[in-house]
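For the record, the sequence lines run as chains Z and U.
Numbering follows UniProt numbering, in which position 145 of the first sequence is assigned residue number 145; successive positions increment by one, without gaps.
Numbering follows UniProt numbering, in which position 152 of the second sequence is assigned residue number 152; successive positions increment by one, without gaps.
Honestly, the hints are just simulated from the structure, not real lab data.
All of these numbers come straight from a predicted model, not from anything done at the bench.
Some clues are possibly wrong.
Calculated lysine-lysine pairs in the DSS-like style (CA-CA distance at most 27 angstroms, straight line) [stated by the list, open to error]:
| hint | chain 1 | residue 1 | chain 2 | residue 2 |
| --- | --- | --- | --- | --- |
| 1 | Z | 158 | U | 213 |
| 2 | U | 68 | Z | 172 |
| 3 | Z | 157 | Z | 184 |
| 4 | Z | 139 | Z | 66 |
| 5 | Z | 16 | Z | 33 |
| 6 | Z | 33 | U | 161 |
| 7 | U | 68 | Z | 157 |
| 8 | Z | 16 | Z | 180 |
| 9 | U | 23 | Z | 167 |
| 10 | Z | 33 | U | 252 |
| 11 | Z | 34 | Z | 21 |
| 12 | Z | 184 | Z | 16 |
| 13 | Z | 167 | U | 37 |
| 14 | U | 134 | U | 214 |
| 15 | Z | 34 | U | 161 |
| 16 | U | 23 | U | 37 |
| 17 | U | 213 | Z | 157 |
| 18 | Z | 162 | U | 37 |
| 19 | Z | 167 | Z | 139 |
| 20 | Z | 33 | Z | 66 |
| 21 | U | 68 | U | 23 |
| 22 | U | 23 | Z | 158 |
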Amino acid sequence: MVSTGKSIAPSFSFLKQLEDKSGQPVSRCYQCKKCTGGCPMSFAMDFNPNQVVRLVQLGQQERLLKSRTIWVCACCKTCADRCPNGIDISAVNDALKDMAAEQNVALGDTMVPAFHESFLASIQRHGRIYEAGMLLGFKLKTKAYTQDMGLGIEFVKKGKLKFLPEKISQVKEIKQIFEKAKAKEGSR
Amino acid sequence: MKYTYYPGCSLHSTAEEYNASSKQVLEKLGIQLEELKDWNCCGATSAHSTSDYLAHALPLRNLVLAEKQDNDVLVPCAACYNLLKTAEHHMRCGGEGSEELNLDMQEIMGAQYQGNIAVRHVVDVFAQEEISAKIAGLLAKPLAGLKVVPYYGCLLTRPAKVVSFEDNAEQPQTLDRLLGVLGAENIRWSHKTECCGGSFSISQPDLVLTLTKKLVDAAQYAGADAIVTACPLCQANLDTRQHEAGGGPGTKVPVFYITELIGLAIGAGRSGDWLKKHLIDPVPLLRSLNLLAAS
Chain Z
1 MVSTGKSIAP SFSFLKQLED KSGQPVSRCY QCKKCTGGCP MSFAMDFNPN
51 QVVRLVQLGQ QERLLKSRTI WVCACCKTCA DRCPNGIDIS AVNDALKDMA
101 AEQNVALGDT MVPAFHESFL ASIQRHGRIY EAGMLLGFKL KTKAYTQDMG
151 LGIEFVKKGK LKFLPEKISQ VKEIKQIFEK AKAKEGSR
Chain U
1 MKYTYYPGCS LHSTAEEYNA SSKQVLEKLG IQLEELKDWN CCGATSAHST
51 SDYLAHALPL RNLVLAEKQD NDVLVPCAAC YNLLKTAEHH MRCGGEGSEE
101 LNLDMQEIMG AQYQGNIAVR HVVDVFAQEE ISAKIAGLLA KPLAGLKVVP
151 YYGCLLTRPA KVVSFEDNAE QPQTLDRLLG VLGAENIRWS HKTECCGGSF
201 SISQPDLVLT LTKKLVDAAQ YAGADAIVTA CPLCQANLDT RQHEAGGGPG
251 TKVPVFYITE LIGLAIGAGR SGDWLKKHLI DPVPLLRSLN LLAAS
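Chain Z on its own, in the form it takes in the complex:
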């Protein structure tokens, strides 16, 4: 047989990498599908939770990093509590989201990552969430200006949205925490 220099064997290095990163014993899965049976978000996913685990075992990195599933997992932990092998698939999804963002692949969803970005920017700036500012940031990123406009007006009428941010006194500590987090990402 002539070697083409390409390997078609499953990549176990990805499995190992993900197990380390997520802390989850992904190789234990025997596909009982209890996770998918209880998953409230499976209707919106391109891969079911049990398929995510299988794709990790097979080293299908690219398909996973580009999937919508990892972004629409609600982290409700139903799968984690019911898995007979103690695998928390939402933690696997968190690790995959982190990798997808790092590797600059075409993300399987743009709204959820834009929300997380606006949310964390608000914490970094004020130490707490400033809803009005966070929502504005999210709208600017996603151009979804009219979405939930009516609801926004209701919230303002009910006094549920504050116009001014609350800022903690030691914001510098929060900034340092974010710097440390960034340094950890870089060193991996």
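With chain Z held as given, fit chain U onto it using these hints.
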């Protein structure tokens, strides 16, 4: 009994009625509160979706601060409770990187987390025998005739090993028992620990709409006239998305915080101020059952 109170961001904005009713009810029960000084956001879903480090470090700063105030931390928000409890568990069990994280706290804040305090959810505190008995003793207006389904959602009970205070996290009972103490009609139903979609309300409203519809349909199918929750995300999703989820006028199901129901029953605080914050007005239902205070 004294606790360090951690309201969290929601309770200072979209869930102000939960904040006010919690404080007023706890005061009436003789439980002293001291707000955590200079508390920061727990990071919620966005932190753990983005960075393992942030997911633990942001709540940990609050725990280090809380230790200076000596008492256990009391949290009404189910999401904040879940994240603070998870960070506490991570440190207590020596999770990966926890020692390094504590050294980072030493460097940033000049103090480390020692593990001398616990994190408690308000429902867990209300469910204590002593406090439940106190609530029963203070009952001024039992919630007779109010058909309610207890809605626990995700964050109060999962992951069970880390955060749950229930005997069986798949069949939680604390809210059920509290409803019994209040004299309300506790309705059994199929969806008490199903997910509402949480923080997707802003980024993926269609998904939250689908889940809201399922939950409200299940509650109505069981014969409930109201839903009670202990989570600002659950309350906001069910209260705000029902309008779009369909159903005609008069079919909307009010969604209460557990502290509002306790407050109504024991006559604590200014219930009118809480109830007017709801998008689905609960007053007609309460009035029809004669459950509103005369004032």
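To see whether the hints hold, each was checked on the structure:
no.: 1; hint: Z:158 with U:213; result: 23 angstroms, holds
no.: 2; hint: U:68 with Z:172; result: 19 angstroms, holds
no.: 3; hint: Z:157 with Z:184; result: 43 angstroms, violated
no.: 4; hint: Z:139 with Z:66; result: 23 angstroms, holds
no.: 5; hint: Z:16 with Z:33; result: 22 angstroms, holds
no.: 6; hint: Z:33 with U:161; result: 21 angstroms, holds
no.: 7; hint: U:68 with Z:157; result: 39 angstroms, violated
no.: 8; hint: Z:16 with Z:180; result: 25 angstroms, holds
no.: 9; hint: U:23 with Z:167; result: 22 angstroms, holds
no.: 10; hint: Z:33 with U:252; result: 35 angstroms, violated
no.: 11; hint: Z:34 with Z:21; result: 23 angstroms, holds
no.: 12; hint: Z:184 with Z:16; result: 19 angstroms, holds
no.: 13; hint: Z:167 with U:37; result: 12 angstroms, holds
no.: 14; hint: U:134 with U:214; result: 36 angstroms, violated
no.: 15; hint: Z:34 with U:161; result: 18 angstroms, holds
no.: 16; hint: U:23 with U:37; result: 16 angstroms, holds
no.: 17; hint: U:213 with Z:157; result: 25 angstroms, holds
no.: 18; hint: Z:162 with U:37; result: 21 angstroms, holds
no.: 19; hint: Z:167 with Z:139; result: 22 angstroms, holds
no.: 20; hint: Z:33 with Z:66; result: 22 angstroms, holds
no.: 21; hint: U:68 with U:23; result: 22 angstroms, holds
no.: 22; hint: U:23 with Z:158; result: 20 angstroms, holds
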